[in-house]
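Chains as they are written, first to last, in the numbering used here: chain V, 63 to 697; chain C, 3 to 291.
Everything labelled a hint here was simulated from the structure, so no lab data went into it.
All C-beta atoms, glycine included, are put in the ideal place defined by N, C-alpha and C.
Watch out, some of these pointers could steer you wrong.
To be verified - Just the calculated beta-carbon pair ranges, DEER-fashion:
# : chain 1 : residue 1 : chain 2 : residue 2 : range
1 : V       : N188      : C       : G170      : 37 to 43 Å
2 : C       : E66       : V       : V180      : 46 to 52 Å
3 : V       : N188      : C       : K85       : 33 to 39 Å
4 : V       : P177      : C       : N212      : 45 to 51 Å
5 : V       : L131      : C       : F115      : 43 to 49 Å
6 : V       : V180      : C       : F115      : 53 to 59 Å
7 : V       : P177      : C       : F115      : 35 to 41 Å
Okay, here's what each chain looks like letter by letter:
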Amino acid sequence: MKNKQQTEKRFVSLGTKFILLVVIILLSTMGVAAYVNVNLQKSSIIEQLKAKGQTMGSFISLISTDAILGYDFILLDRYMEEISHQPDVVYGAIFSPKNTNLSSYLNKQHPYIAPALVDNTPTILNVIEQVNTHEDILPMEFAIQNGDETIGILHIGLSTKKASELSKRVFKEQLAEIVVIILFLSLCIYYVFRTNVLRPVRNLITSSERLAIGDIDHKASIISNDELGTLARSFNQMTDSLNNSHIEKDNVVGQLLNANKKLETATKAKSAFMANMSHEIRTPLTAIIGFGEHLQSPDIPMSDRGKAIDSIVQNGAHLQQIINDILDLSKVEAEKLEVERIEVSLFELIKHIETLVSIQTQERGLTYTIDYDFPLPEKIITDPLRYKQILINICNNAIKFTEKGGIHINIALQQNRKLRVDIKDSGIGLEADQIDRIFEAFTQADSSTSRKYGGTGLGLPLSRKLAEMLGGNITVTSTPGLGSCFSIVTDPGYIDTAKLIDKVPSNVHTTSKTESDTAPVQLSGTILLAEDTIDNQRLISMYIHKVGAHIDIANNGQEAVDAALSKEYDLILMDMQMPIMDGMQAVKILRERSYSKPIAALTANAMKKDMEYCINAGCDDFLAKPIDRKNLLRF
Amino acid sequence: MQHRVVYQRFFALILVCSELLFCRLAFSAEDPLVMGIFPRRNAATTITLFKPMAAYLSKQLGREVTLVTARNFASFWKGIVDKKYDIAHYNQYHYIKSHDEFGYEVILKNEEFGESLIASALVVRNDSGINTLQDLKGKKILFGGGPKAMQSYIITTLMLRRAGLMKGDYQELFAKNPPNACIGVYHQHADAAGAGNLVVNFPAVKNKINVDEISFLELSKKMEQLPWAVKGNMDPALKIKIQSVLSTLTSSEEGRSVLKQAKLTNLLKVEDAQYNTHREIIKELEAYP
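Only chain V is shown next, with the shape it has when bound in the complex:
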């Protein structure tokens, strides 16, 4: 209720309040000043009156001495008559020391005298005493001396009424002057206030009202260089901020809409991907499981058994590739993937790709050519694993989407010192809109592509990310039906122009199987395998036994600790995730108990972070699952 009353208060403008305040202050100040001045004037007039009475009384009392001594009442009366001519004198009287009246003058026109004379036989003294009761009567007494003897007393009564009336008149005049002055000053002050305060404030009010109705482009005029000017500037800054906020909001909304659109697209893509992945994973799994079940039959001819085993190995490898791609992409997106920078031979690296690509093109009846735009650096600084991964991905795609014709690779050093590899095919090509989407994860040109050609749609996004990490990019030019050209540009590191070459070096060779890869490995000693999975126990035991070493099995970390501390082993293969006690804790216990033999971690968590955890826990090396036989035997 109170709030309602407050809100319903009548609007009183700032100008009205200010002018009222000014008027009140001026009126009170000048009123007080006028009052004080008038009182001072009144006091001054009364003092003058007193002085006048004093002079008059002193003089008459002086000259009355002889008259009294000579019983010259007529002369005394003349003195009183003289007094009567003086303004403001209400009465004058001379008394003997025994209060016998010698002479007197009473102004019978004075309003105080007439009532005092109403009494039948008033004495002059009674009249005087009665008149003296009035506040505006100034009574004065003067002794009339004859030497030291007082021979009479002169009484004079002066009226201060005229002084009061004069003061009132002066006060009224001053009040009138004050009103005029206040009016003038108020108008002047109001003018200044209106110019310097009200106008900027009203301007701000107008601006805020326009802002309130949505006119955020409106600017407040900066009229004065003061607080209000600052306020106007702040207001404009606020509107700017608001404007920017609106723009940002619109941008954000736009971005959100785009993101939402992308999210929807991504969701669709991910759904499609999941379906595709399901297909891609199930397909090799079908082959692996199917051929595996098929091998369980004892009556399978040896020729079919060999093919079945090949299919299982190939599909297993394909499945591993799929999983590796997914892991790599997730690492890239999480910015966890790191690339190394080492010096490698460009030509050896290309030769390796050429070896892989030429085999596949031959299998598909496609041509394969390669051109070098010399001069080219013999050595580049890059991550050879990731660089090859990019090139193989692009080449595999080119081969996959090319039915006839061939693949052509061109290698050149751009003017900006970036290395460029163009992989051109004569495949199905891409529409312009498809080009924009093929580098998005889980996206292929269209869903029919995955159905027809297979693939996860992870290769190109991963390749572009890797190219970016290697200081470059991948761009595409394509003509639907005629083929595509993927250009992989990377930073080859510092290039010494003096070391640029104009032909393929003669000593280039592909990475061939080393002797150690092909020669049968023979090991000795005893290895402790801590692994809770029976199949892995069997598989690794089989690998170890096959190379001649002895192996003991521990089913969890606790057994591994007990075994290692009770028997001497040349190597411990420690699975990280096991029941009862995991491998990490077991390693820690062993290292705490000064176990100094090598321990290699086995884990399906193949991230670098996982490897660091293992190393930090005390492991000497790291082996990712699935176990690669060659890597295992490397130990």
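Starting from the known structure of chain V, arrange chain C on it as the hints suggest.
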């Protein structure tokens, strides 16, 4: 012969003109006549009252007349002693003394309120309970003027003596003048006042007090009013001229105005013998211890 007559007539004309011129120069060389007025009233009032008379006389005589007065009787008397005044107006006592000692001759007397004679009176308040002169024994008597005042003091004192009241039987007080003595009695500053009987007619008294509340306890017989005298050695023609001018004031408007201004109704010719009564009174009073 004819030439001789012509020369005689010419010289006669020259002589006449010379005499006229000489006379004129002689007149112009005369000292101003000094008119001394005794301070019956205060000096300023006296000058105001008699200034027109002096001017009128001067005009009529063709001779400057200087009006003088004195602050008090003593000062005025000194002017008499010094023979300073050619014309003197004073009371009867002063005249008798100036006549006897310095030869002043009375020429005129006052007529006031139509009365050229004046009586002396002892005035009391009606409510005073004083009915006879003997009742004044031990009382305060306020005499107008001073011991030289003929009407107010000398005659009234003689009246008291004759009534058996000697000096010391009453307290003598002296007012500035007779009106004040009456006013003083009225206001009970004294029990009785000594004054001329005409004083109650004076506006200065009538306008100040209620004269009905006072009365004459005793009146003397009427005697000559205040005199105007001239120096005894004054040219008789001038004396006559002055007497003539002043005694005929009522015959002209200007003269009446002069009289009115001086608060007189007339000035009458008088002779020294008319003041013998006063001489006798003075003589009788001086005989009392």
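Item checked: Distance restraint evaluation - E66(C), V180(V), Cβ atoms, bounds 46 to 52 Å -> violated, 58 Å
Notebook entry, point to check: For the pair L131(V) and F115(C), does the Cβ-Cβ distance stay inside 43 to 49 Å?
Noted result: violated, 30 Å
Checklist line | Outcome of range test on Cβ distance (V180(V), F115(C); 53 to 59 Å) | finding: violated, 37 Å
Notebook entry, point to check: For the pair P177(V) and F115(C), does the Cβ-Cβ distance stay inside 35 to 41 Å?
Noted result: For F115(C) against P177(V), whose Cβ atoms are near 39 Å apart, the range 35 to 41 Å holds.
Next item on the list: For the range 37 to 43 Å, tell me whether the beta carbons of N188(V) and G170(C) fit it or not.
Entry: holds, 39 Å
Checklist line | Status of the given 45 to 51 Å range, CB of N212(C) versus CB of P177(V) | finding: violated, 23 Å
Next item on the list: Could you check the hint for me, namely that N188(V) and K85(C) are 33 to 39 Å apart, CB to CB?
Entry: violated, 55 Å
Of the hints listed earlier, those the structure fails to meet are numbers 2, 3, 4, 5, 6, in rising order.
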